[in-house]
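Asker: For the sequence shown, the tail end lands on 160 under the working numbering, and the numbers increase by one without skipping.
There's no promise every hint is true.
What the hints assert, rightly or not - Pairwise CB distance ranges, derived in the manner of DEER restraints:
id : residue 1 : residue 2 : range
1  : A43       : L18       : 21 to 31 Å
2  : E(-12)    : K110      : 20 to 30 Å
3  : Q68       : A114      : 12 to 22 Å
4  : S14       : K110      : 33 to 43 Å
5  : G81       : E5        : 51 to 61 Å
6  : R131      : E5        : 45 to 55 Å
7  : A6        : G112      : 55 to 65 Å
8  : A114      : G(-1)     : 28 to 38 Å
9  : T113      : P137      : 29 to 39 Å
What the hints assert, rightly or not - Calculated pairs, SDA-like style, for lysine to any residue (alpha carbon to alpha carbon, straight line, at most 20 Å):
id : residue 1 : residue 2
10 : K121      : L75
11 : K121      : E139
12 : K110      : K121
13 : K121      : Q136
14 : K102      : K121
15 : K103      : Q136
16 : K103      : T69
17 : K102      : W31
18 : K109      : D127
19 : K102      : G79
20 : K109      : A90
21 : K109      : G39
22 : K86       : K103
23 : K103      : W31
24 : K110      : G40
25 : K102      : E32
26 : K103      : L152
27 : K121      : S155
28 : K86       : T106
29 : K95       : T69
30 : K110      : R83
31 : K110      : D78
32 : K103      : P30
33 : K86       : T98
34 : K109      : F99
35 : K109      : D78
36 : K110      : D84
37 : K109      : G132
38 : K95       : K110
39 : K86       : V65
40 : K121      : G138
Don't read these hints as lab results, they were simulated from the structure.
Just so it is clear, the structure is predicted and the values come from calculations on it, not from any experiment.
C-beta: ideal position from N, C-alpha, C; glycine also.
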Amino acid sequence: MLVEQLGEDLSRLAGILTVLEATFGNEEISPEDLEPYLGNAGAVPPWELTDAIDGGRVAEAVEKLQRMLAGGDRHPLQVMVTLQTHVERMLRLDGSGVRDDKQAAALLGMKGSTFPAKKALTQSKKLGTAKLSRCIKLVAATDVDLRGRTDQPGELLLETLVARLAALSASGKNRR
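Go ahead and model the full structure; you've got the sequences and the hints to work with.
Answerer: Written out as structure tokens, the structure is:
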């Protein structure tokens, strides 16, 4: 529970443990005892957001986004870059004839681990051309909105985008 709540914000761990030791000593601590000391959820790495989107887990994806924005002090435009890159990778692989993660990594210009390329290739195949087209249109529209086309808060615009992207992933494989 503690690790999940803190996320990437490990700087708070020592302080929380000190307070818990002062409060409870050597007693066993239940989740109910721990909860009041946790504070706000810490940030999560970007791949937790994109994995939740790709998995079609709408509520989890929105929760990960909120943690990135609040717990990680990321600006909405920074998160937007993560989402743009994620969708653009899948779009570049769509219809490319690439068959494995090494070919995908080469096409995407990735060095080192091929795991991100493998994830992009798998998701590209899962979504298909029509859904990828819808994804990139949603991303482009939200990007313009974030840059001033509307007066909606950036957090709300991103929550809507993330929910829509995850819902597209949840609806299963689409034929080209």
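Asker: Regarding the pair K109 and G132, is the alpha-carbon distance no greater than 20 Å?
Answerer: 34 Å, violated
Asker: Between the alpha carbons of K109 and D78, is the straight-line distance 20 Å or under?
Answerer: 7 Å, holds
Asker: Return holds or violated for the Cβ distance of T113 and P137 against the range 29 to 39 Å.
Answerer: 33 Å, holds
Asker: Take a quick look at whether K109 and G39 sit within 20 Å of each other, Cα to Cα.
Answerer: OK: K109 and G39 at ~13 Å, within 20 Å.
Asker: Can you confirm whether the C-alpha distance between K110 and K121 stays at or below 20 Å?
Answerer: 18 Å, holds
Asker: Between the alpha carbons of K103 and L152, is the straight-line distance 20 Å or under?
Answerer: At roughly 16 Å apart (the allowed maximum being 20 Å), L152 and K103 satisfy the hint.
Asker: Take a quick look at whether K109 and D127 sit within 20 Å of each other, Cα to Cα.
Answerer: The hint is violated at about 25 Å.
Asker: If you draw a straight line from the CA of K110 to the CA of D78, is it 20 Å or shorter?
Answerer: At roughly 10 Å apart (the allowed maximum being 20 Å), D78 and K110 satisfy the hint.
Asker: Under the criterion that the straight-line Cα-Cα distance not exceed 20 Å, is the pair K103, Q136 satisfied?
Answerer: 32 Å, violated
Asker: Is the hinted range of 21 to 31 Å satisfied by the C-beta distance from A43 to L18?
Answerer: 23 Å, holds
Asker: Take a quick look at whether K110 and R83 sit within 20 Å of each other, Cα to Cα.
Answerer: Roughly 14 Å between the alpha carbons, so the hint for K110 and R83 holds.
Asker: Is it true that the C-beta distance of Q68 to A114 lies inside 12 to 22 Å, as the hint says?
Answerer: With Cβ atoms ~19 Å apart, the hint holds.
Hints 8, 14, 15, 18, 37, 38 and 39 from the earlier list are contradicted by this structure; the remaining hints agree with it.
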